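Peer 1: Listed below are the residues making up each chain.
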Amino acid sequence: MDALVIEKLRKVYPNGVEALKGIDLTVAEGDFFALLGPNGAGKTTAIGIITSLVTKTSGRVSVFGRDLDRERDAAKALIGVVPQEVNLNMFERNFNTLVNQAGYYGVPPRIAAERAGKYLKALHLWDRRDDIARNLSGGMKRRLMIARALIHEPKLLILDEPTAGVDIEIRRSMWDLMRDINASGVTIILTTHYLEEAESLCRNIAIIDEGRIIENDTMTNVINKLQREAFVLTLDRQIHEAPRLDGYTVRLRNDYEIEVEVTREQNLNKMFAELTAQNFNVVTMRTKTNRLEELFMRLVEGKHAGART
Amino acid sequence: MSEPQRTLAAELVPTGPREEPSALTINLIGLATIVRKEVRRVLRIWIQTIVPPAITMTLYFIIFGSLIGRRIGEMDGVPYTTFIAPGLIMMSVITNSFGNVVSSFFSGKLQLHLEEMLVAPLSHVTIVIGYVVGGVVRGLLVGALVTVVAMFFTDLYVEHLFVTITTVVLVAATFSIAGLINAIFAKTFDDISIIPTFVLTPLTYLGGVFFSTSLLSPFWQSVAHANPILYMVNAFRYGMLGSSDVSIGTAYLIIVGSLVALFSFAIYLLHKGIGLRH
Chain A
1 MDALVIEKLR KVYPNGVEAL KGIDLTVAEG DFFALLGPNG AGKTTAIGII TSLVTKTSGR
61 VSVFGRDLDR ERDAAKALIG VVPQEVNLNM FERNFNTLVN QAGYYGVPPR IAAERAGKYL
121 KALHLWDRRD DIARNLSGGM KRRLMIARAL IHEPKLLILD EPTAGVDIEI RRSMWDLMRD
181 INASGVTIIL TTHYLEEAES LCRNIAIIDE GRIIENDTMT NVINKLQREA FVLTLDRQIH
241 EAPRLDGYTV RLRNDYEIEV EVTREQNLNK MFAELTAQNF NVVTMRTKTN RLEELFMRLV
301 EGKHAGART
Chain B
310 MSEPQRTLAA ELVPTGPREE PSALTINLIG LATIVRKEVR RVLRIWIQTI VPPAITMTLY
370 FIIFGSLIGR RIGEMDGVPY TTFIAPGLIM MSVITNSFGN VVSSFFSGKL QLHLEEMLVA
430 PLSHVTIVIG YVVGGVVRGL LVGALVTVVA MFFTDLYVEH LFVTITTVVL VAATFSIAGL
490 INAIFAKTFD DISIIPTFVL TPLTYLGGVF FSTSLLSPFW QSVAHANPIL YMVNAFRYGM
550 LGSSDVSIGT AYLIIVGSLV ALFSFAIYLL HKGIGLRH
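As they're listed, the protein sequences go chains A and B. No gaps in the numbering here: position 154 of the first sequence is 154 in our numbering, and each next residue is one more. No gaps in the numbering here: position 69 of the second sequence is 378 in our numbering, and each next residue is one more.
Think of the hints as simulated: they come from the structure by calculation, not from any bench. In this text, all values refer to a predicted model and were calculated from it rather than measured experimentally. Watch out, some of these pointers could steer you wrong.
[To be verified] Below are the SDA-like pairs computed for lysine to any residue, each with C-alpha atoms no more than 25 Å apart in a straight line:
id, chain 1, residue 1, chain 2, residue 2
1, B, K581, A, R10
2, B, K418, A, Q84
3, A, K21, B, R345
4, A, K8, B, R349
5, B, K418, A, K21
6, A, K118, B, T334
7, A, K21, B, K496
8, A, K118, B, E329
9, B, K418, A, N96
10, A, K118, B, R349
11, A, K21, B, G582
12, B, K418, A, F95
13, B, K496, A, F95
14, B, K581, A, A74
15, B, K581, A, E7
16, B, K496, A, D131
17, B, K418, A, E7
18, B, K418, A, K118
19, B, K418, A, K8
20, B, K418, A, R72
21, A, K155, B, T334
22, B, K496, A, V17
23, B, K418, A, M140
Looking at chain A on its own, in the form it has when it is part of the complex (with noise of 0.2 Å):
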């Protein structure tokens, strides 16, 4: 059975913005999915809508097959959501916090204290149970988001930036626990401005621009799609100018640093074996953007362009 099924979903704000222009979405069940757009392209709003905060204009939602119109109490019990702003409480204790909200998902009070002292422990906020939200460092809040949307035990988790504002060792520890909640079986939705993370965390992909889904496909093939990759080499000796290679485009960016780009029909080894021809030898190399950043602005940008002209 499908995690999540949306078909022809509008929505219409009051101001007469049309932030959804009736997207279809598909997520199977288990899968890691990320829901890719710019700001604005209408990804919280779709967030909204399938966690009842956003009322839509039109369309359906269902989630395990539970229709959000006809059984919208039975569907909102199997969701999970960290929101992309925080959302806490932040006087209250971070033990209640949970317990609270397993509370409003019907999970008795004896089980919902085993399980927030379970995922405070598994989130590493055990020490902090009897602090109150607003002490805690952005990190901290975000992890507390994560143990409170996981508190009913949902089978669709939904996270809307999570690691927006987390710095770097954090964002890579949030990026294992997330795929150990993807292996125990819960489907996760994830959008980012992150494109990496969505790159080494999701299965399938969808890019959302302005109410319109414009890509949707599996992580990989989308890659795929990427005719061209840029790469940046340090080079071991002071250069004045961009040596010449054949069949690649070569920029100089700095005395030590070249800029070549590889089509998809070329290789690196032939690249390697000119330099080495030249008697340059490679110190380093790294690409010059993620690859699925430089697919994003290109399906973003050139739709864009094309519409102005």
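Once you have looked at the hints, place chain B on chain A.
Peer 2: The following block gives chain B in isolation, referenced to the frame of chain A:
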């Protein structure tokens, strides 16, 4: 987050088969949770919620009861301090029930943590009743404290226990719902002080707390009778002292009518998502 997290998968797997509680179970446990949360809030910030009204009412008793009251003598056949006691108790119940729900619900809206309930499978009736019980608890706690304060200044007694209890509980519930409705519409902190300042306080002061309507001219008597708080204060005074300016039947009708109308309106607002959902 320094410890490795790669061993969590097994811990995070739900233990045993997934149990889906019935809608009734969810709403009963949900209601108990909201009530517990709200009562805990009232007790946690008791210095803001319980103490100030007790101090204010003590001042009322000192100034209007002991100092001015002595010169007034009797009203409706009882000493003036005794006459104003039920009104002052009811006034503190009204303002605190209203104030508790309006500030708690609005702060949930402002800090967005109200979303915790809105995304959960709770019925709107459960959410409203949960907050109302919180408001009633605070109203009754403050009312009890003011009663104790009043007993230092006058001899209080209860003529009709049933009327006293039902009136105070129903009025506290009515104004708790009114506070919730105010919070639903409020967008700023100013919006939650407008109703108490410009509507609630004048209606309460003119609602027969400090005077009997028999002192008013016939015209002003009929104006005063358009004020629902007059019926609430008088019903409560009837319960305690056995005297009232209005018919108790009419008072119950107005109190229950207001309660039902406001409750229905609150449910309608939540159902439509007005002020809460986009």
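Peer 1: Hints first: check each against the structure and report whether it holds.
Peer 2: Here is how each hint holds up against the structure:
1. K581(B) with R10(A): Holds: K581(B) and R10(A) sit about 18 Å apart, inside 25 Å.
2. K418(B) with Q84(A): Roughly 16 Å separates the two Cα atoms, so the pair holds.
3. K21(A) with R345(B): The hint is violated at about 43 Å.
4. K8(A) with R349(B): violated (44 Å)
5. K418(B) with K21(A): violated (28 Å)
6. K118(A) with T334(B): Holds. K118(A) to T334(B) sits at ~23 Å (cutoff 25 Å).
7. K21(A) with K496(B): violated (29 Å)
8. K118(A) with E329(B): Holds. K118(A) to E329(B) sits at ~20 Å (cutoff 25 Å).
9. K418(B) with N96(A): holds (19 Å)
10. K118(A) with R349(B): holds (24 Å)
11. K21(A) with G582(B): holds (22 Å)
12. K418(B) with F95(A): holds (21 Å)
13. K496(B) with F95(A): violated (30 Å)
14. K581(B) with A74(A): holds (19 Å)
15. K581(B) with E7(A): Holds, at roughly 23 Å.
16. K496(B) with D131(A): violated (29 Å)
17. K418(B) with E7(A): Answer violated: K418(B) to E7(A) is near 30 Å, above 25 Å.
18. K418(B) with K118(A): Roughly 29 Å separates the two Cα atoms, so the pair is violated.
19. K418(B) with K8(A): Distance ~30 Å between K418(B) and K8(A) Cα, so the pair is violated.
20. K418(B) with R72(A): At roughly 22 Å apart (the allowed maximum being 25 Å), R72(A) and K418(B) satisfy the hint.
21. K155(A) with T334(B): holds (20 Å)
22. K496(B) with V17(A): Holds, at about 21 Å.
23. K418(B) with M140(A): Answer holds: K418(B) to M140(A) is near 22 Å, not above 25 Å.
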